[in-house]
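Participant: Sequence:
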Amino acid sequence: MNNNHISTGTIARTAVLLLALTNQVLSAMGKPILPIESSTVEQLVTAGITTVAALVSWWKNNSFTAAAIQADAWMGEKKKRVN
Numbered sequence: 001m002n003n004n005h006i007s008t009g010t011i012a013r014t015a016v017l018l019l020a021l022t023n024q025v026l027s028a029m030g031k032p033i034l035p036i037e038s039s040t041v042e043q044l045v046t047a048g049i050t051t052v053a054a055l056v057s058w059w060k061n062n063s064f065t066a067a068a069i070q071a072d073a074w075m076g077e078k079k080k081r082v083n
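Read left to right, the sequence shown gives residues 1 to 83 (full-length UniProt numbering).
FYI, nobody ran anything at the bench for these hints, they're computed from the structure.
Every residue, glycine too, gets a C-beta built ideally from N, C-alpha and C.
Incorrect hints may have been included.
Pairwise CB distance ranges (calculated) [said to hold, decoys possible]:
#1 12 with 75: 16 to 24 Å
#2 79 with 30: 43 to 51 Å
#3 79 with 42: 15 to 23 Å
From just these sequences and the hints, can you work out the full model?
Facilitator: This is the structure we're talking about:
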C-alpha cells in the first residue's frame with residue numbers, strides 16, 4: 001500500500017488547466033497564445049477552454065500528497081472487497 005506516485009491523469013489534467021489559465025491571463029493582457037484574429041471569438045474560445053479544463057481537471061480526485069495517494073489506494077482496496 002506504499003504506492004506514492006501522482007497519476008498520469010492527474011498530471012495531464014493539471015497541465016491542461018495551467019495552459020488554459022495561462023492563455024486566459026495572456027489573452028486578457030493582449031498577448032494570447034492561441035492565434036485567433038477576432039478578439040470576441042478569442043475571448044469566447046479562451047473562456048470556454050478555461051471552463052472546460054477547470055471542470056475536467058478537478059472533477060476527478062487529484063491526489064498530490066503522499067497521504068492522499070495512500071488513502072486512494074486504501075479506498076481502492078476497500079472497493080475491491082465490496083465488489
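Participant: Now tell me, hint by hint, if it's right for this structure.
Facilitator: Verification of the supplied hints:
1. 12 with 75: 16 to 24 Å: holds, 21 Å
2. 79 with 30: 43 to 51 Å: At 49 Å between Cβs, range holds.
3. 79 with 42: 15 to 23 Å: violated, 44 Å
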